[in-house]
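> Chains as they are written, first to last, in the working numbering: chain E, 1 to 725; chain R, 1 to 120.
Simulated from the structure, these hints should not be mistaken for laboratory data.
Hints may be right or wrong, so weigh each one.
Calculated pairs, SDA-like style, for lysine to any residue (alpha carbon to alpha carbon, straight line, at most 20 Å) [what the hints assert, rightly or not]:
| hint | chain 1 | residue 1 | chain 2 | residue 2 |
| --- | --- | --- | --- | --- |
| 1 | R | LYS116 | E | ALA179 |
| 2 | R | LYS110 | E | TYR460 |
| 3 | R | LYS110 | E | LEU359 |
Calculated Cβ distances over 12 Å to all of chain R for the following chain E residues [as the list claims (entries may be wrong)]:
| hint | residue |
| --- | --- |
| 4 | GLU21 |
| 5 | GLY51 |
| 6 | ASN169 |
| 7 | LEU174 |
| 8 | LYS238 |
| 9 | ASP394 |
| 10 | ASN664 |
| 11 | VAL670 |
| 12 | ASN695 |
Non-contacting residues of chain E with respect to chain R, defined by C-beta distances greater than 10 Å in every case (computed) [said to hold, decoys possible]:
| hint | residue |
| --- | --- |
| 13 | LEU5 |
| 14 | ILE9 |
| 15 | GLY56 |
| 16 | CYS109 |
| 17 | THR167 |
| 18 | GLY168 |
| 19 | ASP170 |
| 20 | GLU202 |
| 21 | ASN447 |
| 22 | ALA481 |
| 23 | LYS485 |
| 24 | PHE512 |
| 25 | SER537 |
| 26 | ASP681 |
Just so you know, these numbers come straight off a predicted model, no measurement behind them.
For glycine and all other residues, C-beta sits at the position ideal for the given N, C-alpha and C.
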Amino acid sequence: MSIDLTQFIPSFLEESFEGLELMESSLLNLEQGDDETINSIFRAAHSIKGGAGTFGFQNVTEFTHLVETLLDEMRDGRRKIAQEDVELLLGSVDCMRLLIEAIRDETECDEDKIAVNAALLEKTLATSNNDITEATSTTPIEETPESTSDTASWQIEFIPDHHLVQTGNDPLLLFNALADLGDITLVANAKELPALNEMDAEELYLSWLLTLKSSASEDEIKEVFEWVEDECLLILTKEEQSEPEITTVDEPEITPADEPEITPADKPSSAQVTEQPDKSETLVTEPEKVISKPQSSASSATEKTTAKAKNDLGSIRVGVDKVDSLINLVGELVITQSMLTELGNDFDLSKIERLNSGLEQLLQNTKELQESVMRIRMLPISFAFNRFPRLVHDLAIKTGKEVELVLNGEQTELDKTVMEQIGDPLVHLVRNAVDHGIESAEVRLANGKPQKGTIMLDAYHQGGSIVIEIKDDGGGINREAVFNKALEKGIVDENTTLSDSQVFDLLFEPGFSTATEVSDISGRGVGMDVVKKNIQSLGGRIQVESEQGKGSTFRVNLPLTLAILDGQLVRVGSETYIIPLITIVESLQPQKELINRVSGDMVLYRLREDNVPVIPIYQLFNIPSEFENIESSLLVVVEAEGQKIGLMVDDLLAQQQVVIKSLNDNYQQVEGVSGATILGDGSVAMILDIAGIINMALTKAQNNQRYKSINQPQVGQLVSEGVNL
Amino acid sequence: MTKVLVVDDSNSIRDMVSFTLKSAGFETVEARDGQDGLNKAHTSTFDLVISDVNMPIMDGITLCQELRKLSNFKFTPILMLTTESSGDMKMRGKAAGATGWLVKPFNPEKLLATIKRVVR
Chain E
1 MSIDLTQFIP
11 SFLEESFEGL
21 ELMESSLLNL
31 EQGDDETINS
41 IFRAAHSIKG
51 GAGTFGFQNV
61 TEFTHLVETL
71 LDEMRDGRRK
81 IAQEDVELLL
91 GSVDCMRLLI
101 EAIRDETECD
111 EDKIAVNAAL
121 LEKTLATSNN
131 DITEATSTTP
141 IEETPESTSD
151 TASWQIEFIP
161 DHHLVQTGND
171 PLLLFNALAD
181 LGDITLVANA
191 KELPALNEMD
201 AEELYLSWLL
211 TLKSSASEDE
221 IKEVFEWVED
231 ECLLILTKEE
241 QSEPEITTVD
251 EPEITPADEP
261 EITPADKPSS
271 AQVTEQPDKS
281 ETLVTEPEKV
291 ISKPQSSASS
301 ATEKTTAKAK
311 NDLGSIRVGV
321 DKVDSLINLV
331 GELVITQSML
341 TELGNDFDLS
351 KIERLNSGLE
361 QLLQNTKELQ
371 ESVMRIRMLP
381 ISFAFNRFPR
391 LVHDLAIKTG
401 KEVELVLNGE
411 QTELDKTVME
421 QIGDPLVHLV
431 RNAVDHGIES
441 AEVRLANGKP
451 QKGTIMLDAY
461 HQGGSIVIEI
471 KDDGGGINRE
481 AVFNKALEKG
491 IVDENTTLSD
501 SQVFDLLFEP
511 GFSTATEVSD
521 ISGRGVGMDV
531 VKKNIQSLGG
541 RIQVESEQGK
551 GSTFRVNLPL
561 TLAILDGQLV
571 RVGSETYIIP
581 LITIVESLQP
591 QKELINRVSG
601 DMVLYRLRED
611 NVPVIPIYQL
621 FNIPSEFENI
631 ESSLLVVVEA
641 EGQKIGLMVD
651 DLLAQQQVVI
661 KSLNDNYQQV
671 EGVSGATILG
681 DGSVAMILDI
691 AGIINMALTK
701 AQNNQRYKSI
711 NQPQVGQLVS
721 EGVNL
Chain R
1 MTKVLVVDDS
11 NSIRDMVSFT
21 LKSAGFETVE
31 ARDGQDGLNK
41 AHTSTFDLVI
51 SDVNMPIMDG
61 ITLCQELRKL
71 SNFKFTPILM
81 LTTESSGDMK
91 MRGKAAGATG
101 WLVKPFNPEK
111 LLATIKRVVR
């Protein structure tokens with residue numbers, strides 16, 4: 001029977017990455033004498049090695065074996081936990097990750113880096129102990145015992161201990177295994193069998209004399225008895241030979257794995273080591289030989305994997321409790337359904353109350369089912385957070401600063417897709433916090449702050465969204481510097497007065513950087529504008545708070561999921577539109593005295609200290625509406641990218657969760673519309689893209705000002721009936 | 001049907017072993033660690049136990065010792081999956097009452113061939 005092992009590779013990759021994460025975070029917290037932590041690191045490495053060996057990734061096995069050996073020495077106290085060893089292990093974890101990512105992506109990884117790291121590991125292992133030969137030679141080796149083609153006749157005397165069957169071994173099965181090697185005849189000896197009344201049913205009193213005609217080697221025959229070798233007396237005689245060999249427990253050479261050098265088909269890697277008289281010296285003085293080894297094996301293993309299917313299927317691991325709750329809910333749904341069916345069989349008005357309660361129940365079931373299904377996609381944010389301890393650790397070393405990272409709310413759950421996409425922006429923000437936020441120890445002390453800076457990552461739920469805060473107690477953002485830079489770039493003019501938050505928002509302008517020089521860590525690659533764009537593409541927003549000398553807080557607000565949106569349904573004429581609830585500041589009945597008409601057709605509404613431009617939706621989409629004057633309409637004030645506008649609508653309808661359907665996939669991109677949904681009555685409603693509408697409105701206002709044009713350009717007519725979803 | 005308890009903390013290895021056994025017509029029950037395995041052993045009987053050695057919560061050696069204390073596991077074959085080919089680990093396994101061992105890495109064919117030596 002042949003079983004396709006490739007089907008288990010995605011799960012191997014997944015658990016390997018988990019193992020690596022565990023190794024990394026545990027290494028960062030490793031302290032002297034912390035047995036449990038070092039054990040769990042060892043176990044993770046051990047599992048990766050075992051899996052890699054089983055699924056044929058020899059390069060991972062070989063590299064991980066070195067890591068495991070070093071960890072093993074730390075584990076059993078042969079080696080003290082030194083910081084440089086921890087750094088070496090952290091580097092090795094990176095290498096393992098490279099190797100495993102190469103398997104996943106079916107690419108080649110940076111073999112030089114792996115080889116250098118492997119050489120370092122071997123050097124470290126060689127410097128402090130004598131077990132290097134043992135360590136290198138125990139690399140799993142496929143056994144190919146010497147086989148002779150000549151058929152020989154073997155006499156095997158097998159005298160088991162009385163308790164042999166109590167370890168689950170069965171002589172009959174041993175004989176079956178022998179029979180696979182050749183023809184056997186056997187004679188049982190019942191001499192020791194006691195009288196029935198003295199016999200213990202759990203003991204074995206028989207012994208056997210077997211004759212085997214086989215071409216099998218001695219090792220192959222002994223392997224059959226491998227598991228019982230210390231519970232029996234085994235006398236093996238080859239007919240041609242007169243001298244019997246008595247096998248006892250203390251002869252380790254009967255296990256072929258202990259003697260790789262006698263195996264003819266030995267692997268070149270271990271032969272390379274064993275042929276040298278002084279192994280440890282070889283490893284240190286001839287690094288090029290050692291380096292060549294993982295390189296060749298790495299490339300051969302990569303060749304092996306190229307034929308394999310794409311491994312990253314985007315799987316998700318779901319807790320059994322979540323699945324159970326789903327099954328439970330589906331069960332309830334089925335009950336409700338059968339109740340309603342029964343009700344419909346012979347319906348009359350007297351049953352209307354039961355129908356109502358049935359529908360009520362259906363509503364409840366559906367809601368719970370929806371929540372449960374959504375929970376499946378939810379992962380604790382620790383998946384995104386757990387890369388930061390290492391990142392901050394490395395950055396702190398690089399910048400020479402002292403930084404402590406505090407993580408809070410790691411169990412806060414977030415949609416997997418959102419999680420995957422928020423990773424990079426968060427890394428950018430954390431890097432900035434270390435690089436630009438936290439001051440050097442001297443500056444901190446001079447300012448009366450603790451020497452060690454603190455960066456706090458916090459996640460919590462707020463309403464229907466999740467908030468992630470990146471807070472540092474560093475120098476804060478220099479308001480003047482930001483403003484001057486903006487002046488220089490021509491983003492603002494001298495006379496503009498801006499609030500603090502408006503000034504800080506300038507940081508997200510494209511091409512904006514206040515760093516005097518681009519450092520190695522941040523200030524290159526993606527800018528803050530990209531961070532903001534990424535967050536906005538997830539339907540989220542970012543805010544900055546900062547106090548000079550005290551520190552800064554970047555607050556990222558994200559929707560819990562991308563598949564479902566909390567929406568406010570509004571009516572314009574006969575059309576229903578959906579405004580994402582997260583964008584709504586407030587909805588109000590406009591008061592006449594607060595309405596200002598300015599140049600062109602622009603209408604501003606005075607909302608406390610702000611003047612909010614009013615955008616009539618009927619004009620935007622060129623559709624008929626019930627009310628054309630602002631006084632009789634309703635105003636929904638929405639905010640995106642720090643800009644508020646008032647959307648003029650005829651009526652506010654319900655607030656509800658809607659499932660987002662992409663317009664791009666089903667129709668085409670439409671300006672001012674981010675998607676569509678199907679409402680309860682089967683009609684299609686457009687979901688408004690608030691940021692897009694604000695941009696449209698601003699562009700239009702600018703055009704109006706520039707050309708003093710009274711005729712307003714309007715976007716093409718969009719009526720939802722025409723869209724086929 | 002021959003019923004096998006498969007104990008391993010690694011999902012991929014556990015899946016592989018379990019899948020191989022099912023393909024060969026065995027019934028399998030899976031456990032994530034020694035304690036999980038022991039709990040399952042308390043509620044059911046098995047014809048064979050295949051267990052990893054290195055596991056969190058309870059390792060395979062302890063599991064083996066605990067199983068041998070149960071009356072219905074006295075003669076049940078217990079195979080240890082071990083990455084160490086050293087005699088030490090095998091001795092420890094034997095001392096704990098293991099029937100035999102299978103050295104990782106192994107392939108499905110090797111696994112089935114090994115099982116043939118302990119299950120009729």
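> For every hint, state whether the structure bears it out.
Here's how the hints hold up against the structure:
1. A distance of roughly 12 Å separates the Cα atoms of LYS116 of chain R and ALA179 of chain E; the hinted pair therefore holds under the 20 Å criterion.
2. Taken as a hint, the LYS110 of chain R and TYR460 of chain E pair is broken in the structure, with Cα atoms around 50 Å apart against an allowance of 20 Å.
3. Among the hinted pairs, LYS110 of chain R with LEU359 of chain E is inconsistent with the structure: their alpha-carbon atoms are about 58 Å apart, more than 20 Å.
4. Against chain R, the non-interface label of GLU21 of chain E holds: every CB pair exceeds 12 Å, the least being about 15 Å.
5. A cut-off of 12 Å between C-beta atoms contradicts the statement that GLY51 of chain E is not in contact with chain R; the least separation is 5 Å.
6. A Cβ of chain R approaches the Cβ of ASN169 of chain E within 12 Å, the least distance being about 5 Å, so the stated non-interface status is violated.
7. The beta carbon of LEU174 of chain E sits about 7 Å from the closest Cβ of chain R, which is not more than 12 Å, so the claim that it is off the interface is violated.
8. At the 12 Å boundary, the C-beta of LYS238 of chain E stays outside the reach of chain R, the nearest C-beta of that chain being 23 Å off.
9. No Cβ of chain R approaches the Cβ of ASP394 of chain E within 12 Å, the least distance being about 28 Å, so the stated non-interface status holds.
10. The Cβ of ASN664 of chain E sits about 37 Å from the closest Cβ of chain R, beyond the 12 Å cut-off, so the non-interface label holds.
11. Under the 12 Å C-beta cut-off, the non-interface status given to VAL670 of chain E relative to chain R holds; the minimum distance is some 45 Å.
12. Against chain R, the non-interface label of ASN695 of chain E holds: every CB pair exceeds 12 Å, the least being about 47 Å.
13. Against chain R, the non-interface label of LEU5 of chain E is violated: not every CB pair exceeds 10 Å, the least being about 7 Å.
14. At the 10 Å boundary, the C-beta of ILE9 of chain E falls inside the reach of chain R, the nearest C-beta of that chain being 7 Å off.
15. At roughly 8 Å, the least C-beta separation between GLY56 of chain E and chain R is not larger than 10 Å, which violates its mark as non-interface.
16. Taking the minimum C-beta to C-beta distance to chain R, about 20 Å, the non-interface status of CYS109 of chain E holds against the 10 Å cut.
17. Residue placement check: THR167 of chain E does not keep its beta carbon more than 10 Å from all beta carbons of chain R (closest about 5 Å).
18. Not every CB of chain R lies more than 10 Å from the CB of GLY168 of chain E, the least distance being 3 Å, so the non-interface label is violated.
19. In this structure ASP170 of chain E is not separated from chain R by more than 10 Å, as the shortest Cβ-Cβ distance comes to only about 7 Å.
20. Chain R draws GLU202 of chain E into its interface by the beta-carbon criterion, the shortest separation being 7 Å against a cut-off of 10 Å.
21. Interface exclusion of ASN447 of chain E from chain R stands, the closest Cβ pair being 46 Å apart, more than 10 Å.
22. The Cβ of ALA481 of chain E sits about 51 Å from the closest Cβ of chain R, beyond the 10 Å cut-off, so the non-interface label holds.
23. At the 10 Å boundary, the C-beta of LYS485 of chain E stays outside the reach of chain R, the nearest C-beta of that chain being 52 Å off.
24. No beta-carbon of chain R is positioned within 10 Å of the beta-carbon of PHE512 of chain E; the least distance is around 46 Å.
25. The beta carbon of SER537 of chain E sits about 33 Å from the closest Cβ of chain R, which is more than 10 Å, so the claim that it is off the interface holds.
26. For ASP681 of chain E, the requirement that its beta carbon stay farther than 10 Å from each beta carbon of chain R is met, with the minimum near 46 Å.
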